[in-house]
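Each protein sequence line maps, in turn, to chains F and U.
When we follow the UniProt record's numbering, the leftmost residue of the first sequence carries the number 1, and every step to the right adds one.
When we follow the UniProt record's numbering, the leftmost residue of the second sequence carries the number 1, and every step to the right adds one.
Hints may be right or wrong, so weigh each one.
Derived coverage of chain U by chain F (criterion: at least 3 residues anywhere in the stretch with Cβ under 8 Å from a Cβ of chain F; other residues may be distant) [to be verified]:
#	region
1	43–51
2	502–511
25 Å max Cα-Cα, derived SDA-like pairs, lysine to any residue [to be verified]:
#	chain 1	residue 1	chain 2	residue 2
3	U	LYS65	U	SER40
4	F	LYS28	U	LEU502
5	F	LYS28	U	LYS487
6	F	LYS28	U	SER40
7	F	LYS88	F	VAL34
8	U	LYS236	U	PHE220
9	F	LYS82	F	LYS7
10	U	LYS487	F	VAL80
11	U	LYS417	U	HIS446
12	U	LYS487	F	PHE56
13	F	LYS82	U	VAL512
Calculated directly from the structure, the hints in this document are not laboratory data.
Using N, Cα and C, we set each Cβ at its ideal position, and we do this for glycine too.
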Amino acid sequence: MVKTTSKDTQALFHSLRSAYATTPTNLKIIDLYVVFSVFTALIQVVYMAIVGSFPFNSFLSGVLSCIGTAVLAVCLRIQVNKENKEFKDLPPERAFADFVLCNLVLHLVIMNFLG
Amino acid sequence: MARNLGGFLVLFLAIAICEAASIFQPISDSHRSAALELFSPTDGSFGSLEDTYEALRTFEILGIKKRPDISTASCQSVSETLGSSTSSLKDVFHALKVNNILKCKVNDETFQGVAKRLKAVLNDASSLLDFYYSIGSLVLIKDQNSEVDVLLHDADGVFRSIKALSQSDGRWRYSSNNPESSTYAAGLALEALAGTVSLASSEIDQSLIVTLKNDIVKLFDSIEKYDDGSFYFDEKLVDAREHQGPLSTTSSVVRGFTAFASVTSGIHFLDVLPKSVDVGNYKFVFEIVLHDSEDKNVYATGGQTQVPVFVTGLIKIDNAEIAVLDSDHGSVETQKKLDLAGENAVSLSANHLQKLRLSFRLATPRGNIFKPHQAFLKLRHETKVEHIFVVGNSGKQFEIILVKFLGSTDFLGLVEKFFYLSGRYDIELTVGDAVMENSFLRAVGHVELDLPEAPEKAPRPPPLAVDPSSRYGPKAEITHIFRSPEKRPPQELSLAFLGLTLLPLVGFLIGVSFFY
Chain F
1 MVKTTSKDTQ ALFHSLRSAY ATTPTNLKII DLYVVFSVFT ALIQVVYMAI VGSFPFNSFL
61 SGVLSCIGTA VLAVCLRIQV NKENKEFKDL PPERAFADFV LCNLVLHLVI MNFLG
Chain U
1 MARNLGGFLV LFLAIAICEA ASIFQPISDS HRSAALELFS PTDGSFGSLE DTYEALRTFE
61 ILGIKKRPDI STASCQSVSE TLGSSTSSLK DVFHALKVNN ILKCKVNDET FQGVAKRLKA
121 VLNDASSLLD FYYSIGSLVL IKDQNSEVDV LLHDADGVFR SIKALSQSDG RWRYSSNNPE
181 SSTYAAGLAL EALAGTVSLA SSEIDQSLIV TLKNDIVKLF DSIEKYDDGS FYFDEKLVDA
241 REHQGPLSTT SSVVRGFTAF ASVTSGIHFL DVLPKSVDVG NYKFVFEIVL HDSEDKNVYA
301 TGGQTQVPVF VTGLIKIDNA EIAVLDSDHG SVETQKKLDL AGENAVSLSA NHLQKLRLSF
361 RLATPRGNIF KPHQAFLKLR HETKVEHIFV VGNSGKQFEI ILVKFLGSTD FLGLVEKFFY
421 LSGRYDIELT VGDAVMENSF LRAVGHVELD LPEAPEKAPR PPPLAVDPSS RYGPKAEITH
481 IFRSPEKRPP QELSLAFLGL TLLPLVGFLI GVSFFY
């Protein structure tokens with residue numbers, strides 16, 4: 001029973017990986033970027049859990065900067081994805097420009113909040 | 001007498017130089033007690049002869065009669081110093097000065113021996129201090145013993161030797177091989193020169209005296225002035241050796257100048273203090289009025305100098321008494337004599353139908369009636385409520401106060417003023433004046449007052465005056481308390497997490513590099 005379950009899981013992962021392999025490179029890079037951001041945020045949360053939330057502003061800025069940029073990256077991914085017919089007319093350059101601009105605004109706010 | 005008065009005038013002029021515009025503070029008992037505190041003998045003497053002289057001279061000037069008895073020890077020291085042939089010039093000088101005041105018994109031979117030794121020193125003296133001490137000592141011997149021959153046969157030579165140390169600006173050098181000139185030394189030199197003139201066996205060359213007068217005029221060019229208008233002399237080189245303060249420099253110059261003036265008759269003594277001068281404030285007005293009306297065509301005169309002078313004295317207080325009188329008849333109920341020079345502790349009792357009378361008489365040393373600037377009577381209740389009355393003077397009975405606890409006319413006035421507070425009142429009397437040397441503030445005693453009950457609308461006693469130090473005094477010191485710093489994690493942990501946060505970035509970069 002257990003064996004079957006592990007086999008099934010393996011099969012599931014395998015199919016997922018093969019399905020993901022077909023994803024275009026630019027989307028993969030964005031995914032990697034999202035993962036990187038989320039991990040950075042997680043490390044900060046762990047640090048806060050160990051040490052305490054003393055410079056709470058700094059903690060919030062650090063975490064929100066990571067989460068924010070991850071969200072923006074997700075938005076970019078949605079716009080850049082060719083399969084999303086909704087953004088068919090939107091050139092990827094424009095989407096990237098939006099991403100950069102939003103990041104700028106986000107980080108200006110973060111810098112102010114940093115204290 | 002005339003000489004004494006003349007001396008006083010010189011003193012006044014000297015004071016006028018120093019105190020021209022400032023308010024002259026008369027000598028009072030506080031100065032005397034300060035002097036007695038400053039100069040207190042140990043083991044019956046003041047230590048060195050110089051200290052002894054300073055103490056004795058201070059007592060003499062301040063008019064302290066009850067000086068500590070130091071004559072036995074000091075006289076012994078004086079005769080030892082004068083008898084010894086090895087004692088220093090300075091000690092001999094001060095021994096003679098002390099002797100001048102104490103009038104110790106020193107025999108003629110001793111004086112003769114000292115005079116001979118001083119003359120020998122004078123013959124080959126070269127420094128100003130040698131001249132000053134030896135001539136000063138000879139002058140003192142001349143005053144103390146008329147038998148001893150102290151006259152100088154070569155007074156001109158001595159005069160020239162001292163004059164040789166003078167500088168072009170009127171100041172003096174201490175010795176010929178010392179280039180520093182000093183104003184203090186100028187005073188010493190003038191005193192020594194005056195001594196030389198008075199010791200001269202024959203008349204001094206007048207031309208020498210004329211040049212010296214020019215030097216004095218030059219010296220006065222360097223006179224300086226305080227902000228309050230007082231003049232003073234000071235050394236130009238502050239770091240000069242043997243530097244003296246402005247006070248001793250000025251005193252040295254004034255002493256030298258007056259000594260010189262008195263032997264060369266360059267000063268005119270005004271013997272003008274009339275017999276009628278009594279304690280009080282006076283103003284000397286100096287004005288030139290030409291005797292001959294024809295001279296008005298020849299000379300122009302002008303200017304007026306005013307010198308304020310205080311004549312102080314001990315005021316005699318007598319007929320001091322305090323009495324409680326019956327208001328209606330004026331008959332005396334209790335009467336007590338007071339000794340306002342000493343302590344008093346009278347105790348009286350009175351009610352609101354009676355009067356209190358305090359009377360005393362002030363008389364100047366010449367027997368004239370004296371009216372002080374201030375004469376106050378203070379009554380202080382147990383609750384510290386104070387009442388101050390001005391002691392007026394009326395007619396013949398000088399300086400009377402009548403405090404009516406009740407008069408038929410001012411019944412309400414005074415009882416109300418006392419806030420209907422019955423009980424014990426301490427009596428304090430203040431009599432003061434700038435020229436009264438024995439001004440006093442004295443507790444006389446107390447009076448037990450029996451006042452009627454306060455009506456309902458009676459004024460309440462004022463609240464006690466707030467102690468000004470509680471309002472304006474220093475507040476408790478505030479020490480700033482800083483917030484204790486937040487606990488920070490160990491640095492290693494923080495650095496480790498810094499590295500950890502960079503790890504995803506490295507992973508991302510590696511991941512990206514896979515795609516290309």
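Enumerated hints in conflict with the structure, sorted upward: Structure breaks hints 1, 5, 6, 9, 10.
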